[in-house]
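Engineer: Could you fit the two chains together into a complex? Lean on the hints.
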Amino acid sequence: MIRSYILGAALLIVLAVSANAQATTWQIGDKHTIRFDAGGEAGGIFKTLKGSIAFDGQSVQTAAFDLSIEVASVNTGNGLMNTHLKSAEWLDAGKYPVVRFTSKKVTASGSGFVVTGDLEMHGVKKEVSFPFSFQAKGNSGTFSARITVYRNDFHIGKPGGEVNDVIKIDLTVPVTKK
Amino acid sequence: MSILKKAFSLAIVSGILSGCASLIYEKIYTSSLGADFGKVVTPVGIFVASIVGCLLAAVGFWLLQRMVPKYAEIIFNLLFSILTFATIIGPFAMKMPLDMNSPELLPGMVTPMHFFPALAWFTLRPIFIGHTGPYQKIFAH
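Here the protein sequences come in this chain order: A and B.
All residue numbers for the first sequence refer to this note's numbering, where the first residue is 1 and numbers rise by one.
All residue numbers for the second sequence refer to this note's numbering, where the first residue is 179 and numbers rise by one.
Extracted from the complex, chain B is given alone in its bound form (with noise of 0.2 Å):
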């Protein structure tokens, strides 16, 4: 199987686990704070968002192999790390209607959905692809 189809078998899967993540962690943070944000998060945008995520992140992937295959793996886990983290940018900046009560609970509930994604694709990595630079090599000399 190509770098590319296994780049994006990982990032469906990814998506879809990031996605029941997600969920779970929204019913969790609705249940116990009485927050909710339903009408702005809903469960077909949190999918959708966790998948495309993970779609990008493998575009990525398999860009840096083919640039720098040397250096991919060390550099896209960095970038990928580095991008999930400015994301959480948007939660803070956005703006919800103004008939819903406590919009300063919302980046509490969304920002950690912000980083299931890297979260899922670094587990389920190794089952997917295997190790596919020397930089192992290059920092146990």
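Okay, chain A solo, but in the shape it has when bound (with noise of 0.2 Å):
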């Protein structure tokens, strides 16, 4: 009797730990910015991000990420750049209307953090990491990252010419608890 008193107790502990450990989840706020820059007068900024945000500084084993930049949001500042950019010759728009990148794991690193995930953009999936912060204040907090991709790995155009292999993606995103 007291054996299954014990186990009963165990097991609501138990249940009580993995409820605590769920991740927050965060709503993404509008002043999201998102730029890259692929040298010279290549770069801009992808106006709408959308996805869920599931983290927690405290347990990120249990931290998921799941965004999507749509293409057509895309801001050169130049209409003539824009259409290119947004051509099959480029991002195929039409095609492939959203950037993708699911996480698979989250760990700590230093003050920060690193996610690992699946990119998938023009078609193509691939896994990246890339180091992120998080700046918790109150119910809201701004996730920070600078990742790196070669637009040669995605098929992006042509090898070669006036735009870098490699892109700069800049994102800063305001969150809210939701």
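Among the hints, a few may not be true.
Ranges between beta-carbon positions, derived for each pair [what the hints assert, rightly or not]:
(1) B:E282 to A:N152: 40 to 46 Å
(2) A:K50 to B:M278: 20 to 26 Å
(3) B:P290 to A:G57: 53 to 59 Å
(4) A:H155 to B:P290: 37 to 43 Å
(5) B:V218 to A:K50: 27 to 33 Å
(6) A:E162 to B:A264: 21 to 27 Å
(7) B:M272 to A:T116: 39 to 45 Å
(8) A:G160 to B:Y203: 27 to 33 Å
(9) A:P97 to B:N255: 49 to 55 Å
(10) A:K50 to B:I267: 36 to 42 Å
(11) A:K125 to B:D277: 53 to 59 Å
(12) B:M278 to A:H155: 51 to 57 Å
(13) B:K217 to A:R35: 16 to 22 Å
(14) B:E282 to A:R35: 15 to 21 Å
Derived PhoX-like pairs (lysine-lysine); straight-line CA-CA distance at most 25 Å [stated by the list, open to error]:
(15) A:K31 to B:K217
(16) A:K31 to B:K273
(17) B:K217 to A:K158
(18) A:K177 to A:K50
(19) A:K86 to B:K183
(20) A:K47 to B:K273
(21) B:K273 to A:K168
In case anyone wonders, no lab produced these hints; they're calculated from the structure.
None of the values given here were measured: they were computed from a predicted structure.
For every residue, glycine included, the Cβ atom is placed at its ideal position computed from N, Cα and C.
Structural biologist: Structure (structure tokens):
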């Protein structure tokens, strides 16, 4: 009898701990910025970011990111460049309307974190890892990350030319607790 | 009145008229398409660009009158038209601040404005400067 009480209590504790370990879910704020720079004049922003974020700095193993960037929301500041970038020669927004990142694993690293996941862009899916930081402030916070991708890996544009292979993407994503 | 003074008077009046026309066009374009480029295309900028463009034309007109008085007018008209047309590359190549939406609508607004100084100049020219060269006679024969 006593043994079953102990087992029951242990089960409750395990359930309680696992319930606490569930990551906090966050709502993506409107004032996010996604800047990209491929050298020279080739740079700009993506205006639309959607998706779900579950993250708790204390238990990163439960973190999950599923983010989508709308390709058609690109803005380089120049109309001709925008049209060119959305064309079949580059990002092919008609055929591949979103750039998607789905996380697989998050680990703590120094004062920040490292996320590993699948980046799907231009019909090519590749595993990537990049560091990010999270600044919490009450019920809100800000994720910041710098991602380096190689456009040739995703068959974007022709190799060479004026646009670098290396594309640096800076993300700043303000969030609020759901 | 010397030709230089006449040319400068024409330039200033043409510039102001062109600025007014550009401003009216900008208001119509903005209200009909909902594209607001007020941060990069300001009324002061429109007037300054129009007047400066016409003043440069006046300098060119005066120089041609001194250098080739016989053909100055026809060369000037050709050059002014060609250079005006060439300036439309500017709006297409222009990079706007990234927080401004629909940059593809900018050339549609600015390109017609580039033609207004020449249009104003050619319209007002007979009032300020009479015929200066004998080219009409050349083409008449």
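Engineer: State for each hint whether it applies.
Structural biologist: Hints versus structure:
A hinted range of 40 to 46 Å is violated for the C-beta pair E282 of chain B and N152 of chain A, which are about 28 Å apart. Distance hint check for K50 of chain A and M278 of chain B: the Cβ-Cβ separation is about 22 Å, which falls inside the suggested range of 20 to 26 Å. A hinted range of 53 to 59 Å holds for the C-beta pair P290 of chain B and G57 of chain A, which are about 56 Å apart. For H155 of chain A paired with P290 of chain B, a C-beta distance near 40 Å keeps the hint of 37 to 43 Å intact.
At roughly 30 Å, the beta carbons of V218 of chain B and K50 of chain A sit within the given window of 27 to 33 Å. Roughly 24 Å separates the CB atoms of E162 of chain A and A264 of chain B, a value that falls within the hinted 21 to 27 Å. A hinted range of 39 to 45 Å holds for the C-beta pair M272 of chain B and T116 of chain A, which are about 41 Å apart. Taking the beta carbon of each, G160 of chain A and Y203 of chain B are about 42 Å apart, not inside 27 to 33 Å as hinted.
The hint said 49 to 55 Å for the Cβ distance between P97 of chain A and N255 of chain B, and at roughly 51 Å that hint holds. A hinted range of 36 to 42 Å for the beta carbons of K50 of chain A and I267 of chain B is consistent with their spacing of about 38 Å. Take K125 of chain A and D277 of chain B: their Cβ atoms lie about 32 Å apart, and the range 53 to 59 Å is violated. At roughly 31 Å, the beta-carbon separation of M278 of chain B and H155 of chain A lies outside the given 51 to 57 Å, and the hint is violated.
Checking the proposed 16 to 22 Å range against K217 of chain B and R35 of chain A shows it holds: the Cβ atoms sit about 19 Å from each other. Taking 15 to 21 Å as the suggested C-beta distance range, the pair E282 of chain B and R35 of chain A conforms, at roughly 20 Å. Taken as a hint, the K31 of chain A and K217 of chain B pair is honoured in the structure, with Cα atoms around 20 Å apart against an allowance of 25 Å. At most 25 Å may separate the alpha-carbon atoms for a hinted pair to count; K31 of chain A and K273 of chain B meet this at roughly 22 Å.
Of the pairs offered as hints, the one joining K217 of chain B and K158 of chain A is violated, with about 35 Å between alpha carbons and a cut-off of 25 Å exceeded. With a C-alpha separation of about 15 Å, the suggested pair K177 of chain A and K50 of chain A falls inside the 25 Å cut-off, and the hint holds. Between K86 of chain A and K183 of chain B the CA atoms are separated by roughly 52 Å; this puts the pair beyond 25 Å, and the hint is violated. Among the hinted pairs, K47 of chain A with K273 of chain B is consistent with the structure: their alpha-carbon atoms are about 17 Å apart, no more than 25 Å.
A distance of roughly 20 Å separates the Cα atoms of K273 of chain B and K168 of chain A; the hinted pair therefore holds under the 25 Å criterion.
The structure fails to meet hints 1, 8, 11, 12, 17 and 19 from the earlier list, while all remaining hints are met.
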